[in-house]
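Knowing the structure of chain A, use the given hints to seat chain B on it.
There are 2 protein chains.
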Amino acid sequence: MVEIILASASPRRWELLKQIGLSFTVQVSNVEENEFKGDNPQKWVEQLAKDKASSVASSLKQGLVIGADTVVFKDGKILGKPKSECEAYDMLSFLSGAEHQVLTGIAIIDAMSGESYIDSEITRVKFRQLTEQEINAYIATGEPFDKAGAYGIQGLGALLVESITGCYFNVVGLPLQKLAQGLKRFGVEVLK
Amino acid sequence: MVEIILASASPRRWELLKQIGLSFTVQVSNVEENEFKGDNPQKWVEQLAKDKASSVASSLKQGLVIGADTVVFKDGKILGKPKSECEAYDMLSFLSGAEHQVLTGIAIIDAMSGESYIDSEITRVKFRQLTEQEINAYIATGEPFDKAGAYGIQGLGALLVESITGCYFNVVGLPLQKLAQGLKRFGVEVLK
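Protein chains in written order, with the numbering used here: chain A, 1 to 192; chain B, 1 to 192.
Hints are not guaranteed to be accurate.
Note: identical chains are not told apart, hence a pair may lie in one copy or across any two.
[Unchecked claim] Here are the simulated lysine-lysine pairs, DSSO-like style, with alpha carbons at most 27 Å apart: (1) 126 to 178; (2) 126 to 192; (3) 43 to 77; (4) 18 to 74; (5) 192 to 81; (6) 178 to 77; (7) 126 to 184; (8) 74 to 61; (9) 192 to 83; (10) 83 to 61; (11) 81 to 126; (12) 178 to 192; (13) 37 to 178; (14) 83 to 184; (15) 126 to 74; (16) 18 to 37; (17) 37 to 83; (18) 18 to 81; (19) 184 to 77; (20) 74 to 178; (21) 81 to 43; (22) 184 to 43; (23) 184 to 74; (24) 18 to 61.
Please keep in mind that the hints were generated in silico from the structure rather than gathered at the bench.
Excised from the complex, chain A in its bound form (with noise of 0.2 Å):
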């Protein structure tokens, strides 16, 4: 059995990979989450996800080393983990009320061979209306603040959410049926 690595810090992918059952070792990347550039949001998750990856890889004999970026993009703008509560209420109040995209690159790279699965999954997230006591509310819990768009759907954040259409768990950081489906490829049946 291929030894596999998950080159994230997020505690929320780590729960992930455990509820498909895979076992895995962690190795955090040290790329940094630049600003982003372009207009292409899909693109630009897929390299920074390559780029975790392949960070991880060239440091290892062999394994494969799955890594994955997630960001909340709407309106031509990418929303990454808010620095301080004001920008968590901007971020928060820009989402009410509206819909927005969420999106996962994930990179998986065999470090023996170098040969690579890049790909990105996109869901659909609508919010409801919130209230500005609503928003300062959740502030208050700090759960806004390690997240992309300043919420976590896995969390209170479930509260804010309408409806979403796509994959739920892209939402949490990690597109699980794509995974399964790029490890495949690499010989690694999650469901056998």
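Quick look at chain B alone, frame taken from chain A:
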């Protein structure tokens, strides 16, 4: 603060209530899940949710009792929990490559006043085309047996689902957003 009692034996529902930070106790109702009659699955799950909540509320002097019932609905048929491997196989084959609906009825009853809130939520779930081998592998994990429609989206069942439209938590067993709306009517603010 009013006491909240969840009339459900489902550990998934306990987890979902914890996710939105609610304190509650559990008291399981003795309502039996009979065979679907009639042609309105929405009314059916609302009635079952009400029966479950009523059954527990009638034994209490005070508190808000939450009842819920989740079913899978496709082509006029309601799928409950499979009773055998064979039944699980039939259900998963029936769902494979197509869209179905997941309906959850929720009922909140104030044990003291008898006031109630009854509602339901529908989410559309699209399964990918499954192979015989995949269905058998999934059944062998044991996951289908205590779940309506023979799958759990929050487990390995994530790998069977192509996309959803609507509320994810409704598919797990409790539409959190709608529940929070209902609790608000009884003065319980989840996000405050």
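Right, here's what the structure says about each hint:
1. 126 to 178: Answer is both: 22 Å inside a copy and 15 Å across each meet the 27 Å cutoff.
2. 126 to 192: between (35 Å within a copy, 21 Å between copies)
3. 43 to 77: So residue 43 and residue 77 pass the 27 Å test inside one copy only (14 Å; across, 43 Å).
4. 18 to 74: Classified as neither; 31 Å inside a copy, 30 Å across copies.
5. 192 to 81: Between. Shortest inter-copy distance 23 Å satisfies the 27 Å Cα cut-off; intra-copy 37 Å does not.
6. 178 to 77: within (25 Å within a copy, 30 Å between copies)
7. 126 to 184: between (32 Å within a copy, 21 Å between copies)
8. 74 to 61: neither (40 Å within a copy, 50 Å between copies)
9. 192 to 83: Result: close only across copies, 22 Å inter versus 43 Å intra.
10. 83 to 61: neither (36 Å within a copy, 48 Å between copies)
11. 81 to 126: within (19 Å within a copy, 31 Å between copies)
12. 178 to 192: For residue 178 and residue 192, only the intra-copy Cα distance (16 Å) is at most 27 Å; the inter-copy one is 37 Å.
13. 37 to 178: Only inside one copy: residue 37 and residue 178 sit 26 Å apart there, 39 Å across copies, limit 27 Å.
14. 83 to 184: The answer is neither: 38 Å in one copy and 32 Å across copies each exceed 27 Å.
15. 126 to 74: both (11 Å within a copy, 25 Å between copies)
16. 18 to 37: Result: close neither inside a copy nor across copies, 33 Å intra and 39 Å inter.
17. 37 to 83: The answer is within: 19 Å in one copy meets 27 Å, while 54 Å across copies does not.
18. 18 to 81: both (24 Å within a copy, 25 Å between copies)
19. 184 to 77: neither (34 Å within a copy, 34 Å between copies)
20. 74 to 178: both (23 Å within a copy, 25 Å between copies)
21. 81 to 43: Only inside one copy: residue 81 and residue 43 sit 19 Å apart there, 42 Å across copies, limit 27 Å.
22. 184 to 43: Within one copy only: 23 Å inside a chain, 43 Å across chains, cut-off 27 Å.
23. 184 to 74: Classified as neither: same-chain Cα gap 32 Å, cross-chain 30 Å, threshold 27 Å.
24. 18 to 61: Intra 24 Å, inter 43 Å, cutoff 27 Å: intra-copy only.
Hints 4, 8, 10, 14, 16, 19, 23 from the earlier list are contradicted by this structure; the remaining hints agree with it.
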